[in-house]
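Given chain C, put chains L, Z, W and F with the ligands in place with the hints provided.
Protein chains in written order, with our numbering: chain C, 1 to 325; chain L, 326 to 767; chain Z, 768 to 1225; chain W, 1226 to 1500; chain F, 1501 to 1775.
Among these hints, one or two may not hold up.
With a cut-off of at most 25 Å between alpha-carbon atoms, the simulated DSS-like pairs for lysine-lysine come out as follows [unchecked claim]:
hint, chain 1, residue 1, chain 2, residue 2
1, C, K74, C, K187
2, F, K1622, Z, K1031
3, L, K571, Z, K1219
4, W, K1387, Z, K1219
Keep in mind that the hints were calculated from the coordinates and are not lab data.
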Amino acid sequence: GDSNGGARTQITAVGSSTVYPFTTRVAEAFRNQDSNRDAPVIESTGTGGGMARFCDGVGSEYPDIVDASRRIKKSEYQKCEANGALPILEIQIGMDGVALAESLQGPSFELTKKDIYLALAAHPRGKDTNSAQTWRDVNPALPAIPIQVYGPPSTSGTRDAFAELIMEPGCTEAFPEVEEKSSDDKKMVCMQLRSDGPYIDAGENDNLIVQKLTANPNAVGIFGYSYLEENHDRLRGIPIEGVSPTYETIAGGSYPGARPLFIYVKAKHLNAVPGLKEFLRLYSTMWGPDGDLVKRGLIAAPQDVRDHSVEIIQQQIPLDPSTLD
Amino acid sequence: MSDPLMPELPSAGGGSIAPRQPTDWTTDAMRQRIRKRYARERRFRRLGLVAVVMSAAFLAFLLVTMASQGLGGFFRTEVALPIDFPQTGIEVDKASLDQPGADLALAGAGLENIVGTAAIAAFGDYGPNVISDNAWLTVREAIKHDPSILDGRAVIHVPASAEIDRAISETGTPEAEAAVTTLQAENAITEGFNWRFLSASDSTDPTQVGIWGALKGSFFTMLVTFLIAFPVGVLAAIYLEEYAPKNRWTDLVEVSINNLAAVPSIIFGLLGLAVFLGTWTLFGHKVGPLLPRSAALVGGLTLALMIMPVIVIASRNAIKAVPPSIRDAALGIGASKVQVVFHHVLPLALPGILTGTIIGMARALGETAPLLLVGMRAFIATPPDSLTDKATVLPVQIFLWSDEVSRGFVEKTSAAIIVLLVFLLAMNAIAIYLRNKFETRW
Amino acid sequence: MTFSALIFLIAGLGLISWLTARARAARFDRAGRRRLHSLPAQHGWYVALWTVVPPLLFLLCWSAIEPGLVSQAVMAHPAAAQLPGFDFERQAVLAEARRLASGSQIGAFNPLAEQLAPVMAEAQSHYAWLGTLVAMLLAFAGGAFAFTRIRANFHARTRVERVVMFVLIIASLIAILTTLGIFLSLVRESLRFFSMVPVTDFLFGTHWAPQVIDPNDPGSSLGAVPLFWGTFFIGAVIAMLVAIPFGLMSAIYLTQYAAPRVRKWMKPILEILAGVPTVVYGYFAALTVAPAVRDLAVMLGMEFASSESALAAGVVMGVMIIPFVSSMADDSIAAVPTAMRDGSLALGATTSETIGRVLVPAALPGVVAGVLLAVSRAIGETMIVVMAASGAANITLNPFESTTTVTKQIVDLLTGDAAFDSPKTLAAFALGLTLFLVTLALNIIALRVVKKYREAYE
Amino acid sequence: MNDLTDTTLAQTAREHADAVESAAPVKMTARDVHVYYGETHAIKGVSIDIDMDHVTAFIGPSGCGKSTFLRTMNRMNDTIAAARVEGQITLDGEDIYASGMDVVQLRARVGMVFQKPNPFPKSIYENVAYGPRIHGLAASKSDMDAIVERSLRRAGLWDEVKDRLTDSGTAMSGGQQQRLCIARAIAVDPEVILMDEPCSALDPIATAKIEELIHELRGNYAIVIVTHNMQQAARVSQRTAFFHLGNLVEYGVTSDIFTNPREDKTKDYITGRYG
Amino acid sequence: MNDLTDTTLAQTAREHADAVESAAPVKMTARDVHVYYGETHAIKGVSIDIDMDHVTAFIGPSGCGKSTFLRTMNRMNDTIAAARVEGQITLDGEDIYASGMDVVQLRARVGMVFQKPNPFPKSIYENVAYGPRIHGLAASKSDMDAIVERSLRRAGLWDEVKDRLTDSGTAMSGGQQQRLCIARAIAVDPEVILMDEPCSALDPIATAKIEELIHELRGNYAIVIVTHNMQQAARVSQRTAFFHLGNLVEYGVTSDIFTNPREDKTKDYITGRYG
Ligand SMILES: Nc1ncnc2c1ncn2[C@@H]1O[C@H](COP(=O)(O)OP(=O)(O)OP(=O)(O)O)[C@@H](O)[C@H]1O
Ligand SMILES: Nc1ncnc2c1ncn2[C@@H]1O[C@H](COP(=O)(O)OP(=O)(O)OP(=O)(O)O)[C@@H](O)[C@H]1O
Ligand SMILES: [Mg+2]
Ligand SMILES: [Mg+2]
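Only chain C is shown next, with the shape it has when bound in the complex:
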């Protein structure tokens, strides 16, 4: 019945909601260039769900691109392999800043990774429970305000990034003995966030966190940097070890929360889907520091990374599985 019988004319992408705004922006530009092109279809499914679909196979019913807020996992790569979806191109499109922020009416926090670790860990320094209720319990220099931190849910890549970039260093600082533990134990001690109230899992919707912060000046929020930038008239970034989250500090690496963002593309689809190559080329023209994506909150990757990505696109260099974990 379907007149397209087994082929499709538009590009399809699935995956992370963090990368979604950037890919959609490129998709829009792609179509603005020529309105006769079929508009790409970009789904926001989360990286995990996206990877699962992406690696289901090759062909018109499977997406060409997956947006990822983390690298592909080895198990996912193996699934791709099993389903004949290899080779795939791994393209880093830039970085996402994980920022801590408070309301402009807030108490003007200045925190360290250690403070954050001690306030939010489920097992601070290996203890069974975290008894800290106010920031002062953590660090006498901080105000006696109840700890209330809005952050992403346990399955979110932003949360993993937060745990890895801020909690873990804070953990080793506060509790050096942890290095002697097994890696699993270390994870439990360093990365597990408390679930007894002070850390509030606020879902995937970052705008909601922004609004909750405005309504509740004593609270702290953890979310993507772009939301902080868009709402700088209401929110203030919280400096960590004296460094405030700004585009420059995150791009330069002095602010601790930055993680790479990727797209993965099936090489086999490059010839079968009209415009896919142009799409990638367009992507590469938009991710520079003065590109359009940065206006939307992307943190541009360093020059060498961008060059490497362009090379991957041009020469269709497949991902090397040995670099995965």
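Frame of chain C, contents of chains L, Z, W and F with the ligands only:
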């Protein structure tokens, strides 16, 4: 011949029954009791009124909030942008502008930069922030519409940026406020109804977004949902109430239908994914996917499965409430079972069936979770033209916009909610009309 | 001939056969005995069904195999040898050729496609004619067969009604199939989950914290009890404490006290509540109700009250499902014969007594069904809890504390960034399956209870 | 044969007439009552006095407004949206359509048995106990049992149902349902009892029992009975009202009406010549 | 006095007896029919022949199973879930409980008027036209109008409703509803007509009309009528069956039954001594 028709009354049949005086309603105890009953009656009635009023007040509050936030979304600001084309050095072959490649040609000629430069020329360094990022598209359309403007200086009304929009409707950044003041002084700014909002599709730029694509998607999806869920639900209800023998098997069907109503909607998404979009191997052949992903057809089918239990349950109750004497009457003059059902039971049960349909369809219209899994939570920039085209729906659009970084989306989100509610009302109006028409009391 | 034209043609044939068969049966009617077994129109339907159904069934199969046949014909063409070997690319070229052939695309992206387009067009029209021919033959054969069977004492009605009955059974089977489908689509992944996590840990564990899973003892942080408690507490307790009184009282007020015009307007207005998108409720719950609830809690002396309370989510959810209770109760109360009401009023009962003792009991099946539907909806609701309840998995009776629900966790797990084969994500399927089984059990109990208290009038 | 009937009726009426007390107190009055169902003018200016301690029979052809008028007497017409009442009806001198009227008490005092039996879909016991319960007439369970038993006995149903009091009131034969409704109405001991064809579905024996009940109740109550059975009217009533096309054509002492009707219409009707 | 009653009834019966033909063909037969409602044994082994061209009256005290037996005769019992039928009933020699039986056609041939009037909530016209429509008895609109008018006339309702044929069938008086149901049943011209107390809510004139109708129909139909009115049974029927507690106590020619009942129970019942 005293009593030809009836026998004499049996003289002493129930004589054993003690006579009783009529109840004395004037005793204090009785009066008090009646007062209490009346008080209870009044309280009960007031409670009912309170329930209705509070529910309605809650709704009114929601609606007023939405309306106050969303009305701005229906208006847009335009800025008169003067562009001196010859000076920009744009080079395009005017003859090719009615060819299919015109878009690409103009984009390739650097129109975007030209417009940016023109904005700086007209409004100073803040200029590019005054006009929408996609203002150049408007300019492109203008050129395509009338290539002769390339020969000289033209003033083109382009959409203002979201910042300017906000500075006008509420309070924006100081720079934007300043820009608005100067623009207003120059009479370069106009406000008007945002037709684009009703005619365009999704975009990443709040000044360019429109609801038409999602509206059409919702329409197609609801159409499929209704065409599947309503007949199947009603027919299933008829079978279960009127035909099925009352035994374990019907109990099983009943329980499983009731249970389906409690299944989280996202799980229906999993089902839709597996059944309509999955691939199976049958006798060594790969079969599927049956239907294209992200299409209104799949979304509609998935939602139909989701709301079918609601319709079945409501319909069964409505059918059950039709008095048996009506069935007897029709059967008694030789109507067949099918005739009894379709001539009498169904019309009488229709109000209740429609109630189930209304709340079921309302639920389907507002649902997002299952559509995520069948690919409708997506950025789709062109409105669908058929049931199998890639499409998204209003609530998904609302959900996606509510998560957008740009603040300009806030009022668009509310405006989209208003559109959704209007759609809901329009959809229900027919059903409600029919329901009022068919309601009989006996 | 296009597909839709063919459908129209068949429908036309159906109409013609309906008319002729009816006319023929009507002649029997005049000539023959006092009464036909079946109405002329029923004979009409019989013949029309025979005319329409076989070709439609054929077309259904045909549309599935026709593209394959066309492709095969195209592949036989010498130019097809140049087609790329990779299946997807080959299909892309063929699809383009198809679009070129049908005229929906003009310039070709791939030169090979242009070459194949005429071949494609020819093959398509060839098979289209073949399909049309067979369909027509079937229509005529079916119609003729049925037509010859019409006679005065032919039981056309019985046969047509058997078809109706068949359709009815199919319709009710869909519910069963859906149930089965859901069960099956959950069970495979759930089994994978349970191969990693012991069932008992999952079902009876009281600690839910899926962020970091200890690979040695994955069950220790995947105990589902708090989620089920939260679901029950928010959906079946708090939401119902709002929805049942408001819904039932609204229904009663509107059917028994309000002027008919008020009812006519208010009922649909309340129904809007069920259609407001849940995202909107989510925002409302998170930003308006939740802070108010927190302030209340602080006033009550809970210093560290969370702003993500079970109460906020539950109350808003309760409001959303008011129409489920009110509309269904309204309909069933209105359907109780007025004679019942009159009987009670004539004994000197007040309206409220009549409602409480006669009308509501008589309407009980409908009321209970509405309530069950509302509970079901509350249990299955996602967005409100996603936005207004936190992810903190607590077992608490305090409505001011935060709890989480099964549905919120399922959504988080399925839309998150974690890999889909980790116990973290698979837990979503296990949660879904368990919820499914739990509600099934509850429904079985509910069915028993309702059966026991049902009052049938007349 | 008509003459025969005539004479017989008159005779029956006269035989029972000795029971009529001359000056019975008036219990209810109607003055110039009109009832409309939307456009239909169903009752056209009826004025009537219902006496205490008497049985009043309403007779008249089908559709003449007997049931309608009966319903206006305890304001059951309020429940029909289209119905509208004009004029004045009093109970013990009080206007029952006055705004201050306590409708609940009114209906408790003026009981009603409907033309179509309408038992509640509850058990037989609960059907009868319903009225006493809402009015608090029974102090205890045994009290209630006694009331239920007495009411069912009086309605001549006790023997048939005493072993199945918990069965549903709807799973009974037509006549049983009708008697159940009578039992239900008398269980609250109203002062006035309005009965709309209480014996229409009853066999002669059950009819006799109901008539006996009416006879027995008459001492303390005002009773109005609609009947199509002239014999029954003649037997049980002391006053008869003849309705025709919404008008009260004639009203008077039963023996007079049956012996010596003033109006030709009345005479035609009771002798069966009408129509 | 009882003897007198007896005599009168017997006389009436005898007066009408001359109409009885001696050897009428048998239309329906019942052989050892038992009906159960769950536990209740409502009909206990009834065997009876219903003759063509005759009117058969079922009499018996309330609750004895008359309606139940009537319902088994056109399988209306099928609609009561709890009801179970044993034994054999034939129509024109065909077993109506045979598996191949077309119940719909059966019910079209064996029409029924129910004890409680149950008009459809449709217009009066539609109520009557419904049957002819589903059986295709009217070729045209004017045909249908004629059928409706004739049926309503025969049921004695035409004059009352001819101006309001579009009004709802439920907004009528009790007696009007009953006649409407009769009109509806005869509109489809069944071969057997089962009437469950068709005159219970009717005034004497309307009753006379229905009796006249029955008389008129008798020539071509088999008619069964349930009645509590002995006079009516004596007047209209040629056969009488007396039911008691689910048993068919006696069945025979009406004049015989009323003159000379074989069973004491019958005698007691018709003379009013029973109970
Ligand atoms: N639906 C039912 N369920 C259970 N029992 C029933 C049902 N209908 C009738 N019965 C019982 O069956 C018996 C016979 O009832 P039936 O209606 O046949 O009596 P009947 O002779 O028509 O009486 P009446 O003259 O009062 O109408 C009665 O005892 C009655 O209570
Ligand atoms: N609910 C109603 N709506 C409209 N008209 C009605 C309604 N009920 C009765 N009528 C009409 O009002 C008139 C009087 O009806 P009513 O029921 O009082 O008659 P009745 O004297 O009781 O007759 P019957 O002896 O047949 O019961 C009739 O013409 C009837 O059609
Ligand atoms: Mg009446
Ligand atoms: Mg009966």
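Check whether the Cα positions of C:K74 and C:K187 lie no farther apart than 25 Å. holds (20 Å)
Please work out if F:K1622 and Z:K1031 have their alpha carbons no farther apart than 25 Å. At roughly 21 Å apart (the allowed maximum being 25 Å), Z:K1031 and F:K1622 satisfy the hint.
Between the alpha carbons of L:K571 and Z:K1219, is the straight-line distance 25 Å or under? It holds: about 15 Å lies between the C-alpha atoms, which stays within 25 Å.
Are the Cα positions of W:K1387 and Z:K1219 separated by 25 Å at most? holds (23 Å)
The structure fails none of the hints (numbered hints given earlier).
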